[in-house]
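Participant: Spelled out from the first residue to the last, the chains are:
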Amino acid sequence: MNWTLDEVAKRIGGTVVGDGSVELTGVSGIREAQPGHLTFLSNPKYARYLETTRASAVIVDASCEGMAAGGPAARLVTGNAYASFARAVRLFTGEEFRPPVGAHPAAHVAPGAMLGHGVAVGPHAIVMDGARIGEGTVVHGGAYIAPGAVIGRDCVIYPNVTVKSPSVIGDRVIVHAGSVIGCDGFGFAREGGEQVKVPQVGNVVIEDDVEVGANVCIARATLGTTRVGRGTKIDNLVQIAHNVVIGEGSIIVAQVGICGSAEIGDHVVLAGQAGIAGHLTIGDGAVVGAQAGVTKSVPPGERVSGYPARRHALSKRLNACIQALPDLLRRVREVERRLAASEKEGKC
Amino acid sequence: MNWTLDEVAKRIGGTVVGDGSVELTGVSGIREAQPGHLTFLSNPKYARYLETTRASAVIVDASCEGMAAGGPAARLVTGNAYASFARAVRLFTGEEFRPPVGAHPAAHVAPGAMLGHGVAVGPHAIVMDGARIGEGTVVHGGAYIAPGAVIGRDCVIYPNVTVKSPSVIGDRVIVHAGSVIGCDGFGFAREGGEQVKVPQVGNVVIEDDVEVGANVCIARATLGTTRVGRGTKIDNLVQIAHNVVIGEGSIIVAQVGICGSAEIGDHVVLAGQAGIAGHLTIGDGAVVGAQAGVTKSVPPGERVSGYPARRHALSKRLNACIQALPDLLRRVREVERRLAASEKEGKC
Amino acid sequence: MNWTLDEVAKRIGGTVVGDGSVELTGVSGIREAQPGHLTFLSNPKYARYLETTRASAVIVDASCEGMAAGGPAARLVTGNAYASFARAVRLFTGEEFRPPVGAHPAAHVAPGAMLGHGVAVGPHAIVMDGARIGEGTVVHGGAYIAPGAVIGRDCVIYPNVTVKSPSVIGDRVIVHAGSVIGCDGFGFAREGGEQVKVPQVGNVVIEDDVEVGANVCIARATLGTTRVGRGTKIDNLVQIAHNVVIGEGSIIVAQVGICGSAEIGDHVVLAGQAGIAGHLTIGDGAVVGAQAGVTKSVPPGERVSGYPARRHALSKRLNACIQALPDLLRRVREVERRLAASEKEGKC
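Protein chains in written order, with this note's numbering: chain D, 6 to 353; chain A, 6 to 353; chain S, 6 to 353.
Treat the hints as calculated values from the structure; they're not laboratory data. Treat each hint with caution, since some may be false.
The list makes no distinction among identical chains, and a pair is therefore deemed to hold if it is satisfied within one copy or across any two copies.
Computed list of lysine-lysine pairs in DSBU-like fashion (alpha-carbon distance at most 30 Å, straight line) [said to hold, decoys possible]:
1) Lys50 x Lys301
2) Lys15 x Lys321
3) Lys349 x Lys50
4) Lys349 x Lys321
5) Lys15 x Lys349
6) Lys50 x Lys321
7) Lys349 x Lys301
8) Lys301 x Lys321
9) Lys50 x Lys15
10) Lys301 x Lys15
Chain D extracted, bound-state conformation (with noise of 0.2 Å):
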């Protein structure tokens, strides 16, 4: 669907600086933009671009304005240019595909589930018996929502996911294709030589407005709740293991893992392949950097990275100074070579 800015503008907010009534047929990024295109600028390291893209208009966040010369296309000056981007994209592109409302006719929904108003159910997918689906909600093909699991108001949950129970999901939440919510904590108890798996009997409870990637594994608490805070959003391959409590607004990177217990508290981020030590703390605010091994509990505020983790500036001064080695180990003999002439030189 083709708009002009200023019907844009109205729709999503802010200045229109140019011409307004420019058709705009779609939206990409500004190095391969087109004319026609909407696109956005929200990074001042970028702000050339606005001088050589051939978009016709630009939704420019108002830190960049005046940053540039400007250049030919309109602009729309909002004060978060990038969430104006996000909310102007759907204008073009319309909705993902949902299955129609309803189950499908090759779906099972047994006798027993709950489908709230609204809710679809795309082929083969399965909904056990006592599972509570809230309306609006899809449940894509394949994907499984075992016996007495609850799930929110218009949640996707996309294909050969596998929700089960007694997990209970809130609204508005997003579970991307593969991923296993619930499946049972790591727990064994040594005895002789034999592992003896320790029943795993808590649940898993997922807040509103969290979004999991695909493949991601959720483990259920062995007693009590692992827990995952209202808008998280979580990436693929993500592991998160029995006991783990996530607060709000947390951003967990790709290939995360988070040990048994371990607590992360409200708007922390965790970058891609980073690893949680179990029974640790993550303060709120902390940033733990990609690839860190985290061993210790992370005051909040506290950015990290490395292994073993340590503030993030002492780390990089330690990696300068392991840079530095073979030139001290240099110096060092250099020392010892002048001080032995020099203390043969004193011994005579």
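Given the coordinates of chain D, work out where chains A and S should sit on it, guided by the hints.
Facilitator: Below, chains A and S alone, put in the same frame as chain D:
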């Protein structure tokens, strides 16, 4: 279901201290426990909670007995409190859900598939021609069992698992959701600029009492067998490459990667996100630390950590040295200054 | 099926040395081979096994010829023994199972899906409206092909794979079980304390002859295309983020993570568990070591390792320096002692 402590003791063993007639309604952790709950104490570090827990009864490890004044809860003293608790849990929580015996009408069980007595196959599960499933095994909804795959007795195959042929799975094996047993090994012969696929025609053998986590990959051998030994437990998102051989009773924690043809002994522990290079041997009883990158074989009983993995004591030593590097640099600079001064003086 | 060595030579090429009429019944590794088996020798390191193998015939790399006394087995000398063996394997083991041509009665193929000639769709597989599947492609049971997804000729899509739209997959592509092609990129615009989802509206393009391992995630682009070039091979549990571009003939080993918008060249090797930060360029022919954490672009042909990744030779040098740190500390302490003594003496 409710039990008195005496009844619990009769079923799982141990010596009651205090009121054995106390009625128990559930299980929980020692800090979260409510009146009516049974909990456990196996770590002397938490002995103080014995005095403050609200639980009505505590399974106490013999090694912890007498470490705390006690408190009002009745006690059940056993030689291994955690293992005893593992057994007690099922008295209160009942068994996991399993679909009814037989093939669900919405399952696809090929005419040539052989199902043992008491096998249960969930909706939209797929059991292909020539697959053999042993007595009492459960194949949950959405799982796929390939033609010719063999699964033993009393196994549990969770939703969306893929068991490819010619895998052979023993008795009492648990495979959690989304895992893939028997995908192709990653084998290519470089020829000119092209990668020629080497057909992967070996198999996977998983012995009795193994547990495989969620979204795990166990590749079939190029030729021969990829093997997971009896009683080994594998956590989520683990990669086991072609021709790997793992011994008995080992523990492979989440996101570990084991490269082709590596041999892992008995009772080995590979902690989370560790990587084992190809063709190495990890000896019986060895422990590999979290995120370790193992580039050389590890002798039996040895503990290694870090990248590249070294004996754990040495790794810790080297980490302490690295931590001290800024100070060392300062000291070398100071030595150089003093030496220059002394040389200058000497020359006068 | 059995073949004489002469017959094998006729089919895969090479020069027979010894008895070409020997009857061969199967293939195996040089150490495990039994009489009747065909094996191969491509690594001169193993040339001694030529003398002791029980195999009846060995495909020998021309470069290994004459390196060992020989032994009783007949030989087939070729320019690339491993590639020749790869071709020979299928003579003995037959092809992989594939479901019969057509849609299985228990499959769901939407009326608007377009299946080419000879396409086979297994039980409980799902091919949604508007999906296009090219001639001869196999979609195994339980796989999900989204509306509008396009898959080329002679591909194999294994069970429980999810191909989301608008993915475009070329010819002869193999996708192993549980993988997800086209899940959303991980893109959020922070606004106040909230993470606003940036709609992911780009696609994934997978070119001809690519192989994708099991439980891999390849995210669709935010805008534009996430691309995997012709002939690239991807191992299990790999994460490929939105807008990543991978060239031709590259090898991505298990559990590698590639962050958003990174560009990986042609014939690159990323070893297991390596991580590539966002927006970097990895030049053609570069090799990234296992577990490396790449934080800067890597020039063509360069080999890097460690965290942060450095040129491999430098990484090894620095590792040796770290290993020597306890000794260096001792030497500096000794220098300080001697210097103090010499200063004291000087002052007398």
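Participant: Which hints, by number, does the structure contradict?
Facilitator: 2, 3, 4, 5, 7, 10
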